[in-house]
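If you read the sequences in order, they're chains A and B.
Just so you know, the first sequence maps onto residues 1 to 431 in my numbering.
Just so you know, the second sequence maps onto residues 1 to 320 in my numbering.
In short, the hints are calculated from the structure, not lab data.
Wrong hints could be hidden among the right ones.
Said to hold, decoys possible - Here are a few chain B residues that face chain A, going by a calculated C-beta distance under 8 Å: (1) Thr5; (2) Glu14; (3) His15; (4) Gly89; (5) Leu92; (6) Ser113; (7) Arg150; (8) Gly204.
These figures come from a predicted structure and were not determined experimentally.
Where a beta carbon is used, it is the ideal one built from N, C-alpha and C, also for glycine.
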Amino acid sequence: MRPLLIRGARVIDPSRDADGVADVLVVDGKIRAVGRNVAPPENARVIDGAGKVAAPGLIDLHVHFREPGQEDTETIATGAMAAVAGGFTAVCAMPNTDPVTDNQAAVGFVVRQSIRAAKARVYPIGAISLGQKGQQLAEFGEMVGAGAVAVSDDGKPVVSSHLMRTALEYAKVFGIPVADHCEDPTLSHGGVMHEGLVSTRLGLKGIPSAAEEIMVARDIILAELTGGHVHLCHMSTRGSVDLIRRAKEKGLRVTAEATPHHFALTHERCEGYDTHAKMNPPLREAEDRDAIRSALKDGSIDIIASDHAPHHYDAKEREFDDAPNGIVGLETALGLAIRELVVPGLLTLPQLIARMSTMPARIFHLSGGTLAVGAPADLVLFDPDARWKVEATAFHSKSRNSPFVGEELIGRTLLTLVDGRVAFDRSLGGD
Amino acid sequence: MTVPTLGKDLVGLEHLSAGQIQLILDTAEPFKEVSERPIKKVPALRGKTIVNLFFESSTRTRISFEFAEKRLSADTVNVAASGSSVSKGETLVDTARNLEAMRIDMVVIRHHSSGAAQFLGDRIRSNVINAGDGKHEHPTQGLLDMLTLRDHFKKLAGLKVAICGDVLHSRVARSNIWGLLKLGAEVAVCGPPTLLPRGVEQLGVTVLPRIEDAIQWADALNILRLQLERMEAGFIPSLREYNRVFGVTSDRLARAPKDLLILHPGPMNRGVEIDSDVADGPHSVILPQVTNGVAVRMAVLYLLAGGAPDWVSGSGGEER
Chain A
1 MRPLLIRGAR
11 VIDPSRDADG
21 VADVLVVDGK
31 IRAVGRNVAP
41 PENARVIDGA
51 GKVAAPGLID
61 LHVHFREPGQ
71 EDTETIATGA
81 MAAVAGGFTA
91 VCAMPNTDPV
101 TDNQAAVGFV
111 VRQSIRAAKA
121 RVYPIGAISL
131 GQKGQQLAEF
141 GEMVGAGAVA
151 VSDDGKPVVS
161 SHLMRTALEY
171 AKVFGIPVAD
181 HCEDPTLSHG
191 GVMHEGLVST
201 RLGLKGIPSA
211 AEEIMVARDI
221 ILAELTGGHV
231 HLCHMSTRGS
241 VDLIRRAKEK
251 GLRVTAEATP
261 HHFALTHERC
271 EGYDTHAKMN
281 PPLREAEDRD
291 AIRSALKDGS
301 IDIIASDHAP
311 HHYDAKEREF
321 DDAPNGIVGL
331 ETALGLAIRE
341 LVVPGLLTLP
351 QLIARMSTMP
361 ARIFHLSGGT
371 LAVGAPADLV
381 LFDPDARWKV
391 EATAFHSKSR
401 NSPFVGEELI
411 GRTLLTLVDG
421 RVAFDRSLGG
431 D
Chain B
1 MTVPTLGKDL
11 VGLEHLSAGQ
21 IQLILDTAEP
31 FKEVSERPIK
41 KVPALRGKTI
51 VNLFFESSTR
61 TRISFEFAEK
71 RLSADTVNVA
81 ASGSSVSKGE
91 TLVDTARNLE
101 AMRIDMVVIR
111 HHSSGAAQFL
121 GDRIRSNVIN
131 AGDGKHEHPT
141 QGLLDMLTLR
151 DHFKKLAGLK
161 VAICGDVLHS
171 RVARSNIWGL
181 LKLGAEVAVC
191 GPPTLLPRGV
201 EQLGVTVLPR
211 IEDAIQWADA
221 LNILRLQLER
231 MEAGFIPSLR
241 EYNRVFGVTS
251 DRLARAPKDL
261 LILHPGPMNR
271 GVEIDSDVAD
281 GPHSVILPQV
291 TNGVAVRMAV
301 LYLLAGGAPD
311 WVSGSGGEER
């Protein structure tokens, strides 16, 4: 593998509280040196980093790659490609595939497909319950042995409080978090968007914020009861933020994520029955969006995750009630985060990198999230000022379901290294 | 004089102006007379092809539209979801494209999903008329209710109309709210809080918690049908209790300060939301509503097809 030197970039490494212009040298898949005036070894590829940011590769704890089961919308290979194009070097794939990733063999399959794809690292998340049916615990130990980094029934809520309790207790043996999709299905029942003025006007069945908050409260109470680590997926309401803030003040093992669409969009986006604005949890009100932003600033919400959810284009081309939930997010996450959080001054770039790389690595105990010398060279080089227009046809994902198509985002990946390999290179120049 | 036009589709009343709504009501006036003639036909839409695409069962609205189309001399085809390609799993967009490929001029759609009419209108060149989409809007019902109120009260501005019952699931309620507010009426909604949509007061209506309050306040009551399945879904405990607490009964009406005009979009559940002696009583305009429905639908079809009001008035609806 040819050595690679990024010269004169703004190197941001939240794992070491580092932020300054420096050179980064990658040799044999590892970070060899970070500092001023690093001399390139013979035959090294030298890339001019002036005006660019070099950071630990982004890590997304929440993606849906549709393999196995729906390979027409995404495969592990195309998802991993979309990931590196978006600056992500590692992603965690939710188990709601068909069949469900609820056993050692299924987990091993994801690991093998990830290695074969050789783009971003794709870590499997195992199911909490067999078949995600919410009844019998899946074999956490066997799945962890095969490479699972967490467990979740995401896509479905864990309805049974007993199951959630046992999952939190049992997961402690393996030191893995239990990630929960917080939704009381008896309250959200049949809802297709946020319950509020817009749902009233459109005549669509609403999902009240309380449907999420009830489960957030329950999970926090169970985290306290068990001492287990609960990770709350895609938080969307101001009430959830309040609950998490109080849980953290108590020192409970509660971590939480928010998606770019929940900090960028509100329920008004559903006007005109735009199915690209249909998600679960739904887009909420401006006050909720603002609460999510503040929580990302103060750390009540630890990380940003995309909830990348590919769907075939004609699946969204139908009545709002019948369209599937979710959007692709890997290739727009960084540009949205910079546009919505960094440019308005809510987060600094180092804080953003912490929420998109260093913190996710810590929460799921993954390698990466650091440019420490000797660490595997999982790295992203991006232009924080690049303004670019989202084009559906330019996505590396197999799917194009994004409400951000046509919008201008700020900040774009130029180069992504995984284990020192060039996994994505927008320019293919630099020699 | 510039006359407003309706645009391509009629999806709802929310996005129409007062002028556009007024135009439809005024255009409906001369069409009322057509239905009173021995030969109930004018050539206004001769040669136009209209598809009535009904994904939900409907008697009144479907027949009313069909009469309106036939009295305007249009060629019509009725498609019901059951027994068509829809029941074989064809998507709405494919159904629409196939209809379009047959070079039709208009589609009247009734669908169980909110937004279906707009979805169709956004994807085909033909005019689309919403005959009721989910819980969203039923604009021609709203218009015929307004025409009936106007017939009786002469003007809508300042009129107090209470919409009573299951507002949450009602497309009729939403179309009435938008239309009446735009023409200057005051609107209240009254029903069990479980059947009122979140934030409804932000639409500009008053929320009256008890039917007695609505009866004291209103000039007219528009009483919504209570779907029997609401009980099973836990919104109300029983039909019996609903009638006891929210039913419009002659005893309650007897305590009103004035005679209230009684409207109901049908089909009625006699003895649930409305008692028979009220439905059949002297102040009920439930059947005139149905009569007006044909005239309003003729007006909408005519205007969307490019007709202007002055072509109708006085001339019996002759072609351009």
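Query raised in the report: Where does the structure disagree with the numbered hints, that is, which hint numbers, in rising order?
Result: Hints 1, 3, 4, 7 and 8 not satisfied by this model.
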